[in-house]
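Q: Those protein sequences? They're chains A and G, same order as listed. What the first sequence shows, in this note's numbering, is residues 1 to 129, in sequence order. What the second sequence shows, in this note's numbering, is residues 1 to 111, in sequence order.
A couple of the hints might just be wrong.
[Stated by the list, open to error] Derived DSSO-like pairs (lysine-lysine); straight-line CA-CA distance at most 30 Å:
no. : chain 1 : residue 1 : chain 2 : residue 2
1   : G       : Lys52     : A       : Lys31
2   : G       : Lys52     : A       : Lys129
3   : A       : Lys129    : A       : Lys115
[What the hints assert, rightly or not] To be clear about the criterion: a stretch of chain A counts as covered by chain G if any three or more of its residues have a C-beta under 8 Å from a C-beta of chain G, and this derived list gives those stretches:
no. : segment
4   : 13-25
5   : 82-92
6   : 97-104
Everything labelled a hint here was simulated from the structure, so no lab data went into it. Where is the CB? At the ideal position from N, CA and C, for every residue including glycine.
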Amino acid sequence: MATLTIALMDPPYEAETTTTALRIIDAAVRKGHRVNVFAYEGAVNLTMKDQAAHPNPVKGTTVEEEDHVIPSKLVAALLGTEQVEWINCGLCVDERGSGNWVDGARRGAPADFLKWSQESTNTLVIGTK
Amino acid sequence: MSNYLLIESRDPFEYGDTRYMYSLADDLAAKGNDVTLFLIQNGVFTTRPGVKDNPLEGLSKGAQSVKVLADDFSLRERGISQSSLLGGVKVSNVDNLVDLLVQEGTKAVWH
Numbered sequence: 001m002a003t004l005t006i007a008l009m010d011p012p013y014e015a016e017t018t019t020t021a022l023r024i025i026d027a028a029v030r031k032g033h034r035v036n037v038f039a040y041e042g043a044v045n046l047t048m049k050d051q052a053a054h055p056n057p058v059k060g061t062t063v064e065e066e067d068h069v070i071p072s073k074l075v076a077a078l079l080g081t082e083q084v085e086w087i088n089c090g091l092c093v094d095e096r097g098s099g100n101w102v103d104g105a106r107r108g109a110p111a112d113f114l115k116w117s118q119e120s121t122n123t124l125v126i127g128t129k
Numbered sequence: 001m002s003n004y005l006l007i008e009s010r011d012p013f014e015y016g017d018t019r020y021m022y023s024l025a026d027d028l029a030a031k032g033n034d035v036t037l038f039l040i041q042n043g044v045f046t047t048r049p050g051v052k053d054n055p056l057e058g059l060s061k062g063a064q065s066v067k068v069l070a071d072d073f074s075l076r077e078r079g080i081s082q083s084s085l086l087g088g089v090k091v092s093n094v095d096n097l098v099d100l101l102v103q104e105g106t107k108a109v110w111h
């Protein structure tokens, strides 16, 4: 079993890289690996518990018909496997006022990312565009 | 020699610096390194035949050539048929990407 460390920077509902990163984390977990995620900049908003589905009044569709994917629920599911650790950059959190996280996410600093990188099999930094 | 995993998520017509990743892959392979170029998201657009000035077609062919993989999910999202990809491109997926990432000593770069 290996350990991967992944750094994310994109906020939810913004970039395809978030979907790809969650796919990679999911694949690693299914293969029995451990994954450390360091959320930096806008990515700290991925863990915000208050994300919610909504209807679309323009199209006249309901919440159920819209069937939105909620990033924080995906993150919560990954954290629920207990193979994923998630640290949000504390300064990035303070800047954005992004509290009320899903269970398992915790506050940290770039020093945690460095420590994880040194301890991991590999590290992947997925930068923002 | 080292093992490099270059992950390209961008289309060269979207960002000018994308071409540097192809050049980097080619140069690393020419130095005798084991290089995989994993195309994902808009990075898979270069797998289509008929792309003008396609950096994928500019990669060197030979014993030390770059291994090119394309994410199946990204191909499907963009309606690119797996049966009409440029020669040398192999269809892959994120499961395989994880296998490559966890190989000891692999140097991974995302762009």
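Q: Taking each numbered hint in turn, which are not upheld by the structure, reported in ascending numerical order?
A: Failing hints, ascending: 1, 5, 6.
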